[in-house]
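J.: Assemble chains L and F onto chain D, guided by the hints.
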Amino acid sequence: MNSEPKKSQPPGQVELRVNPIACDAHGLCMELLPELISADPWGYPIVRGGPVPLRLQALARRAVADCPTLALLLTERQ
Amino acid sequence: MTGAGHVSAIVVTSSTPLWYATRATGLVALVLLTVSMMLGLLSSVRFQRPAWPRFVTLGLHRNVTLLALGFTVVHVLTTVLDSFVSIPLPDAFVPFISSYRPIWVGLGAIAFDLMIALVITSLLRTRLGLRSWRLVHWTAYLCWPVAVLHGLGTGTDTPAAWVLALTACCVLAVAMLTLWRLALTWADRPLAAASGVVVVVLILIAGGAWLHAGPLAPGWSHRSGTHSAAARK
Amino acid sequence: MTAHPAAAAWAGQPPAPGDLRLITSDLPLSLAEHIDRYGPPQSADRDPAALITEVERSGLTGRGGGAFPAGRKMRAVADASTRSGRIRARTSSVVVANGSESEPVSSKDEVLLSHAPHLVLDGIALTAAAVGADGAYLCLGAHAPTAARAVAVALAERERAGLNAVPVTVTSTDGYIAGQETALISALNGGPALPTFVPPRPAERGANRRPTLVQNVETLAHIALIARFGAEWFRQVGTVRAPGSALVTVTGSVARPGVREIPLGTPLREVLRRSGLMAGAQAVLTGGYFGTWLPLPAAEQVAVSEDGMRAAGAALGPGVLAVLPDSACGLAETARVLGFLADNSARQCGPCRNGMPALANAMGRIAFGPPSRDAVGWVEQLTGLVAGRGACHLPDGGAALARTALRVFAADLRAHTASGPCHRAGRAPALPLQNGLGR
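Residue numbers (my numbering), protein chains in the order written: chain D, 1 to 78; chain L, 79 to 311; chain F, 312 to 750.
To be clear, the hints were calculated from the coordinates, so they are not data collected in a lab. Bear in mind that the values here come from a model prediction, so they are computed numbers and not experimental data. For each residue, glycine too, the CB sits at the ideal point set by N, CA and C. All the given hints hold, so there is nothing to weed out.
Ranges of calculated distance between the beta carbons of each label pair, as one might list FRET restraints:
{"no.": "1", "chain 1": "F", "residue 1": "Asp-445", "chain 2": "L", "residue 2": "Leu-155", "range": "54 to 62 Å"}
{"no.": "2", "chain 1": "D", "residue 1": "Arg-77", "chain 2": "L", "residue 2": "Trp-130", "range": "34 to 42 Å"}
{"no.": "3", "chain 1": "F", "residue 1": "Arg-394", "chain 2": "L", "residue 2": "Thr-204", "range": "21 to 29 Å"}
Isolated chain D (complex conformation) (with noise of 0.2 Å):
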């Protein structure tokens, strides 16, 4: 894309994304990441929006390969 050699780039912003059709709430998610996902009344996560902080991406990446219905997902922002 560009000849200069790169130097420390901003790590890619990634997003969380729940695809609700999957979901079915057995609930992984917000024990590992209660920072950003929280439940609602009848245990189905609501995730909050924006990029996830730097320190929180390990764990979000266990947690969407935790997830029994592959229903998080980790999205990478342009």
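T.: Then chains L and F, alone, in the frame of chain D:
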């Protein structure tokens, strides 16, 4: 040698460290696999307590399974390296080609293959997609009983009381949790749940009967295919 | 059905700014009449990609309720088709004309298809050529027999005239949620008529796993006219931000209910006056059951266009304007509509499956139940809980309906929470609650 009488304890007389290692790692792997099954079942029934969140069940399930696989690998290696009985490496992967107790070693190969498939698909779960992963993961219900049968069939320690007790505990634990799991589907699909319960009970009965007539009856070593060649030394 | 004045035969001349563009006679136009009025369909040797640019310049937005720029959608599908074409060495997109009109109170698509099927079919053929599609689907509602007949006749005429270069398959959809874009595609792919999770967007992968252009049938009719008369002509009516004309379904407390074509941006008062707004109207439901309430006469200067409505906190949607008489109770009607939405949801997503029935019940308690002070708070909380958390926009629509109801019928709300249901709440429903009965 051939001939009269008591051939039941023919090959147990060797005391190489490898032989002990094989038996020990086999038993430990079985226990670990049982714990893994239990944790998997607990996850599927959404078990949860205030001090035991769900991600703990899942994390333990993963780690214990990896440990079980590790012990199984060591178990396979010690078996292969043990020169007392000739079980080359392919026998651990391809079922029923072994010359030593072919059926029972073969079951071990099946369980081993399934374990590898289960672990690999789980590591690649997010890339595989839920449907494919789930399809392979169902084979865990096959892998574990096959491993138990393998242990009972090949295990020369099977007649020992403590081994029987240990195996019984493992089987009971998994059976109980499986029934709990089936109870959950009773509301939606009573027919499937009922058939599942029947299957579990039949397997327990059949397994017990086989145990009684097979490994616990005299002459098992010969009947299971421990050839005279193995009894050479 | 409204009787439209028969326009003079234009003989291929562009309609003047005061003329009706889409529906110009009481009876369906035959192929010959259609060509006579609008001129021949564009020939194939004209650059199909030029149409995309023309539609972009026209500012046409989707008339199915989403109001998404039509040109941008066409370009996205054309690009996706070219991308996959490079890999697979063949153009491979699909056009889906959405005429399912599952909104119970809307009839514009049925009327359009019954009167000007060739405009829609022209639009299908033109967009198919523009985005490189080799097949098209025309999805009709199950409760629109006149439209189905007119379409069948028109397709046969075009077959005889050799105009069906791109094969058009007619399908039937039934059910409120089945008309949603991804639900439609799911059904075309042989699955259930339920919305799917996006991504992948239909423009990238839709029917038969190919880039799919889903457009409302009215949008396609406009495209057929833009192809003939150009973007500047299209913009001669309407506003800068909402160009062109649109079909609206006016129903409820009006003397002459039915489908009308209006220039976008016309004040609400004018649109309702043309339909014979009757005295004693308290509010108008805009956009359908999926929509919002506006108070009358307070909102009569609101411009009937997507941006005009949005500025007033409402939505135009598929152009539904249902006028509520003073004799009805707005809270009761809202509760019933919310119940309809809850019953007709796909039930795939937890927040909607749980939240919409709860919202309907909560609104029902306000409308029909004993006076309660925390019922309103619970309704507000529920609207926040369901909006934006489903795979489709049904819960968003329900939340907007509930919120605007609380605002527009605030006086009724005070009365209900203080002393229980008003006597109007017990009346028969003013708004129909089954598909196909709004005609």
